[in-house]
Amino acid sequence: MEAHPSYEPLADVLHKYPRAAGSTFQAYNDIVLVQRWTQVAIVELEGVSRAAISGKKPQTDATLYVVPCSLSETLSFGWLQTAFTLLSDPPEIFLAITSDDASIVYYKICRGIVKPHV
Amino acid sequence: MIPLRVANRKAFVWDVGDIAMLRSQHRICGVFTGTLPHLSQQNLFLGVPMVLMPEEVVLLIENELAVLVDDPKAHIQPSIGELQRWSLKEKELAQSQISHAPGVAKEPPGMSEEAIKKRKDREMKKAMAAEATSSAGPENALSPAETAAPSAQPSETQYTLVIPAASTSFEWYDDGMCRYTTIQAARAAGIWDYPSNLHERAKCGVFRGLWEQGMYLGGGIKFGGDYLVYPGDPLRYHAHFSATVLDSPTSSLTPMEVVAHGRLGTVTKKSHLLCGWNDEKKEVSYLTIEWAGFG
Chain B
1 MEAHPSYEPL ADVLHKYPRA AGSTFQAYND IVLVQRWTQV AIVELEGVSR AAISGKKPQT
61 DATLYVVPCS LSETLSFGWL QTAFTLLSDP PEIFLAITSD DASIVYYKIC RGIVKPHV
Chain P
1 MIPLRVANRK AFVWDVGDIA MLRSQHRICG VFTGTLPHLS QQNLFLGVPM VLMPEEVVLL
61 IENELAVLVD DPKAHIQPSI GELQRWSLKE KELAQSQISH APGVAKEPPG MSEEAIKKRK
121 DREMKKAMAA EATSSAGPEN ALSPAETAAP SAQPSETQYT LVIPAASTSF EWYDDGMCRY
181 TTIQAARAAG IWDYPSNLHE RAKCGVFRGL WEQGMYLGGG IKFGGDYLVY PGDPLRYHAH
241 FSATVLDSPT SSLTPMEVVA HGRLGTVTKK SHLLCGWNDE KKEVSYLTIE WAGFG
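The listed protein sequences derive, respectively, from chains B and P.
For the first sequence, the positions run 1 to 118 when UniProt numbering is used.
For the second sequence, the positions run 1 to 295 when UniProt numbering is used.
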């Protein structure tokens with residue numbers, strides 16, 4: 001992992017939050033290399049013991065936030081709310097759910113009741 | 001005040017006017033459960049009584065829109081006179097039905113002129129066929145259709161049976177002494193005990209929270225949630241959300257649940273609502289889940 005080009009920007013948070021290291025590393029690589037987001041940065045969220053990834057989708061200007069987690073973790077409603085609060089209440093966060101076989105899926109979570117778009 | 005008649009800890013509404021009022025004025029839809037006594041297997045078109053979800057009942061009582069009635073208790077032992085009057089009425093009803101059903105009382109079925117003629121024709125055919133067989137030999141055996149026994153004439157008379165649904169028409173029905181205007185009173189009387197734990201309180205709280213935002217709610221089993229949430233009457237709108245109730249901010253939520261609810265919702269053009277209940281503050285907060293559209 002140390003030899004991977006993504007290791008350097010993540011080194012601090014991977015050491016600080018070892019339990020989330022796997023999912024953080026995987027989500028970061030997917031965001032940068034597959035989704036090709038721009039201005040990608042690391043945001044530390046101490047209250048949920050991990051780092052979030054901020055960035056912009058290609059050809060867009062809104063800053064979005066990705067919170068990584070592993071499929072085997074157990075979260076709670078309060079945990080998600082804490083993540084929103086720590087990120088200063090963005091309109092939405094993307095929960096990146098990772099699994100052992102390197103697959104990843106993103107779900108958009110919004111605060112409050114938000115109508116589905118048609 | 002709409003009477004909700006409780007039997008076996010379920011609340012029923014028997015009056016069509018009340019049902020219309022609940023739906024149009026109070027956004028409470030309930031579920032029809034009534035079938036016909038002799039066709040209890042048919043469950044496509046159900047009628048009265050309407051059964052309410054316990055959350056619906058709690059909301060209606062707390063908002064003072066309805067009262068709970070201990071239905072079994074409202075049936076008081078009838079007097080001889082009351083029973084005689086009832087029996088007389090039933091007999092009159094039976095008589096009037098008989099007189100409105102011609103054909104049934106007058107001729108036994110199958111013996112009308114037409115039927116007699118048909119029977120004669122059949123017998124004649126049979127005789128001719130028998131003759132043909134005896135002359136042509138066994139290889140020309142009769143087909144089963146020709147030998148089949150004459151089937152009975154289907155009766156074309158239609159019956160109208162009047163089945164009175166409501167008990168309120170009985171002289172011996174009096175719910176004056178067993179009406180309860182609060183959940184506590186009904187609980188004390190031993191006919192109602194919802195909500196009795198945290199999960200049930202959470203469901204009542206979430207139901208109220210969504211209802212107060214003008215939503216209509218139905219059972220959520222079709223989409224694996226606790227409720228389906230409609231922006232208007234379910235007969236006119238598709239549900240926008242399926243909702244699950246989380247009893248407390250700390251009750252567990254696995255990423256697999258997020259995926260399952262989120263993906264199903266997206267496929268069915270719904271979003272999924274996580275409804276988090278806070279029992280100390282008596283508050284609901286919501287999170288909406290949708291597939292992100294990438295990854």
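Don't read these hints as lab results, they were simulated from the structure.
A couple of the hints might just be wrong.
[Said to hold, decoys possible] Once the Cα atoms are required to be at most 27 angstroms apart in a straight line, the calculated DSSO-like pairs of lysine-lysine come out as:
(1) 56/B - 16/B
(2) 10/P - 73/P
(3) 115/B - 73/P
(4) 91/P - 117/P
(5) 115/B - 282/P
(6) 269/P - 57/B
(7) 56/B - 115/B
(8) 10/P - 115/B
(9) 57/B - 115/B
(10) 56/B - 269/P
(11) 10/P - 269/P
(12) 282/P - 118/P
(13) 222/P - 269/P
(14) 115/B - 89/P
The structure presented is a predicted model; accordingly, all values stated were derived computationally and were not measured.
Practice task
Quick one: which hint numbers does this structure break? Sort them smallest to largest.
Solution key: Of the numbered hints given earlier, those the structure breaks are 3, 4, 8, 11, 12 and 14, listed in rising order.
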